[in-house]
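As you go down the protein sequences, you meet chains A and B in turn.
All residue numbers for the first sequence refer to my numbering, where the first residue is 1 and numbers rise by one.
All residue numbers for the second sequence refer to my numbering, where the first residue is 1001 and numbers rise by one.
Hints in this document: simulated from the structure, not taken from any laboratory.
Any given hint might turn out to be false.
Unchecked claim - Using 25 angstroms as the maximum straight-line C-alpha spacing, the simulated DSS-like pairs for lysine-lysine come out as follows:
| # | chain 1 | residue 1 | chain 2 | residue 2 |
| --- | --- | --- | --- | --- |
| 1 | A | Lys405 | A | Lys327 |
| 2 | A | Lys216 | B | Lys1299 |
| 3 | B | Lys1216 | A | Lys279 |
| 4 | B | Lys1327 | A | Lys80 |
| 5 | B | Lys1261 | B | Lys1299 |
| 6 | A | Lys329 | A | Lys150 |
| 7 | A | Lys63 | B | Lys1229 |
| 8 | B | Lys1364 | B | Lys1200 |
| 9 | B | Lys1279 | A | Lys208 |
| 10 | A | Lys299 | A | Lys364 |
| 11 | B | Lys1229 | A | Lys208 |
Protein chains: 2
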Amino acid sequence: MQNNKKHKNHELVKDWIGLIQVFTCPEDAETRTALVGLMRQILFELHDFLIKNVGITEEISLKILADDFTDTVINRCPEKKLADVVTGVFDHIAPHAVNVASPYFVGHMTAAIPYFMVHLKAIVAALNQNVVKLETSKVVSVLEKQVVAKIHRLIFNLSDEFYAEHVQNTDTSLGSFMEGGTTANLTALWVARNTALRPKDGFSGIEKKGMMAAYKAYDIDRCVVLVSKRAHYSFRKAGGLLGIGNENIIPVDVDGNNKLKIDALENTIAEIKREGRTKIIAVVGIAGTTETGTVDPLKEIAAICARENIHFHTDAAWGGPTLLSDKYKHLLDGIHLADSVTIDGHKQFYMPMGCGMIYFKNPKSLDAISYHANYVNRRGSVDLGIKTLAGSREANSLILDSALKIMGARGYGMLIEHGIELAADFAEEIKQRDMFQLITEPELNILTYRVCPPELREEMKTADPVRFIKINDELNELNRTIQQEQREAGKSFVSRTVLEQENIFPGSPAGKIVVLRSVLMNPLTNIEILKDILDEQEGLYDMWRNGTLGHEKARKDTDRHGME
Amino acid sequence: MQNNKKHKNHELVKDWIGLIQVFTCPEDAETRTALVGLMRQILFELHDFLIKNVGITEEISLKILADDFTDTVINRCPEKKLADVVTGVFDHIAPHAVNVASPYFVGHMTAAIPYFMVHLKAIVAALNQNVVKLETSKVVSVLEKQVVAKIHRLIFNLSDEFYAEHVQNTDTSLGSFMEGGTTANLTALWVARNTALRPKDGFSGIEKKGMMAAYKAYDIDRCVVLVSKRAHYSFRKAGGLLGIGNENIIPVDVDGNNKLKIDALENTIAEIKREGRTKIIAVVGIAGTTETGTVDPLKEIAAICARENIHFHTDAAWGGPTLLSDKYKHLLDGIHLADSVTIDGHKQFYMPMGCGMIYFKNPKSLDAISYHANYVNRRGSVDLGIKTLAGSREANSLILDSALKIMGARGYGMLIEHGIELAADFAEEIKQRDMFQLITEPELNILTYRVCPPELREEMKTADPVRFIKINDELNELNRTIQQEQREAGKSFVSRTVLEQENIFPGSPAGKIVVLRSVLMNPLTNIEILKDILDEQEGLYDMWRNGTLGHEKARKDTDRHGME
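Chain A with its partners taken away, still in its complex shape:
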């Protein structure tokens, strides 16, 4: 009898009563204390554990690790209680997870989050509202409209009257939360496509009739989107998905600073117009490229788009929150001229995965993708699911709203400033070291460089193209190896990518350059840590020269291939 009444947290869910109990908030103090204790472990012990296990350890290879995850039968009986699951996270997950929160982890856009984010995510889960419709979210839908208006205002800065009219307007939409930047960019191009090929006399629009009918109605053979060569791969994906064809996402040349070349854009547009029978449905500018953190000349792109009547989308998934820094918001000059803007919450808003957002200057733009059903998202309702790719989704807007209140614009501004200034300092440090070559100067808080010993650097300056390419290939192999070895040593992490870069020495030919990429968004990262990382890379280079790195490498058959 006592067993039935008492909520025993340490028992398996073995019968109907046990099952009912996991749906019922426990009344007894003992169980409540046990459940809170588990939260304490998640909040602190997990964090403490990860601090001690920085970086990506390779003590166990991916192949051996994977051998522990091969059972594919779902057990009929419960095998764990919640406490066991938490223990299991400590024993089997955390040791082989990646400590993205480490200040030595400066290779990716996934980083440390403030601890209060875990509380906020727990609130979202505890409320479990579904923002697809008002009937399962009510106030949270209203809140989402408000947060969306706040970020819209940050980007577009329209009039008080505009925001008063639209913030809670059930007929209009200033933007939406979604899974990530990829779906945000997709949504932007979806809207641009549907707007370019909208209903007209005798044609009820591409969304309804499809691509073939649309091309006939508009008497064209092709749609294209023009993007910087440095654009995120999600645009190609969106092109494929939308039926445009991903080869019609046309890369436009960038200059030596990785910025979209305005004359190349003009030439591409002119060429497409000469060819004819092609519609340019959007031009994309980037505010913080994934690889180099570069901001495209947004103002100039906007002027061209306005003249040509083309949708101008800005991918500010990375750089968007720069607008919260009074000191550096000018770096995004012209973003308010965009027709749509992508920003990621899980990047420089320091939110947990996965939170993307899309914003449209015109509050009617999202009408181009609206859908209704009898049982949900009825016409004229506040139901947010009417104008989103997703159906059911979680209330991440609650997290951003709370985070903005806890941090203030100024708090986020300080984080932005720290990153940008630390990147500038790091660039200076790299330039001062003989062993390194800075490949892309930081504009925001991302830079790329490579290990490039002085003797090879000198030789490259005067080498003929054949020899130049040979040395470059050698450097590529060297940098690939050093990045892998450093990652596997488990103390620190920079990422690597390949840039097609010309003029890295005056007049040098274009070539594929393997670069080390550093993303500086963790406030705990400082110049001393970055110097340590460079020191370690210099040490690895010494080993490479002595042939000890090759030996090490041959011994491992791990996930080298997997990570390439």
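Given chain A's structure and the hints, the job is docking chain B onto it.
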């Protein structure tokens, strides 16, 4: 000095030191205790509060509520600390949120979740792994492949050898986690489209070349997808998005039990073939329709698809977990014959929002949508982002894996059985009451019915079509009103939809019928609660007949329109 060292949880983030502190796990016991105390509030007090505030209260209208959410300026300075945010959730969010966890809330597919889900979501946030690539997730990517294989096995039940080969195979994929059922259905049709219009001699495939080029290469004018009239609206959305055109998502007739009619499917296929120049890229069967919970004749559809060489997709977003009940898994007979299957984690796996999943029988199917980039998702890697619509995303697989271990297949099976058997009991209760008419018999755990007073019911049986429609219109208005009034009374909630239904009396004409829809997935809901809900509806009918409901209605100018 002490201030710098001590981590004061009760201070605003007002300077750089405060900012650093929110990224640093507090060392002092006082702050840790405060943070855990907030988690306690989130875990228990929030739940206790919601229990007391069941349903969707309308004490404050949506319009008045929205008036509190109109400020659109982000404060420069921090205005709240975490404790204030939690208090704010209690004061301003929870009272106007929807208590989806209430056993009286039986109208939607968003329901109660076991309390351990909040812990699991907190773990996901605390680890903050990004499953797009191995470098930011490592073991979690490996774990996701395992969980995916477990659910794949549940659906398709292939050989031990098959799962041994594919569970951790980096070249193949058995499925993927994603935001929701909508993206899962979209992914299925995306793969089906790309497979139907794949590369061949002189044509490099639709994904690359686009729809127009594909239609030319395959010498067709149109692609279509055949779906039940009861299919989820996400298929139309996918049709629009993919460039197929949403009017080419062709609804196929259903029978009196809302199941796709096999002869109608055959006729539609034959007709399309006669017309020519059209490719049927997929047929969709549903395992648990959104409105009525019906399962389509999956085996028969599979046989036709096999004969015609068409991709067979099954949308089991709702019904999928029925496979975990030994007693009722036969209701999904034939699902293993599908080429792809959608299942939602946030529905009958009782996970928090938002977790969709897609599964493909053929481990190579997802190759049709693979994307790569220099800095991520390199060829041949384990990077899960290669074959997903999303880029960055959170590690919800960790939640499902843990939940399966805590609940066991048997635990989920008991939940399924409870829902199905309760729905059957509820149907009996409805049939026994003179005031109600059961519109769709439950097959799984969803049923629809309406208030239909005996005198009108008798008259309808013999009424001529004109009179029949007039009475039906009147009943529609009555049921619409009762559903709204009950929702706004805030004690309980059933949803409503409109079904096109014929033969609701022998020989009666087809008509649009407003029905009350009941979704029974909460283990705390029982027949007594459902009787209460019917009693309340009978009471509302009495008020309607006395004219007191109309009065009440006219007085309110709230979100009636908003909810329609």
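List of violated hint numbers, smallest to largest:
2, 7
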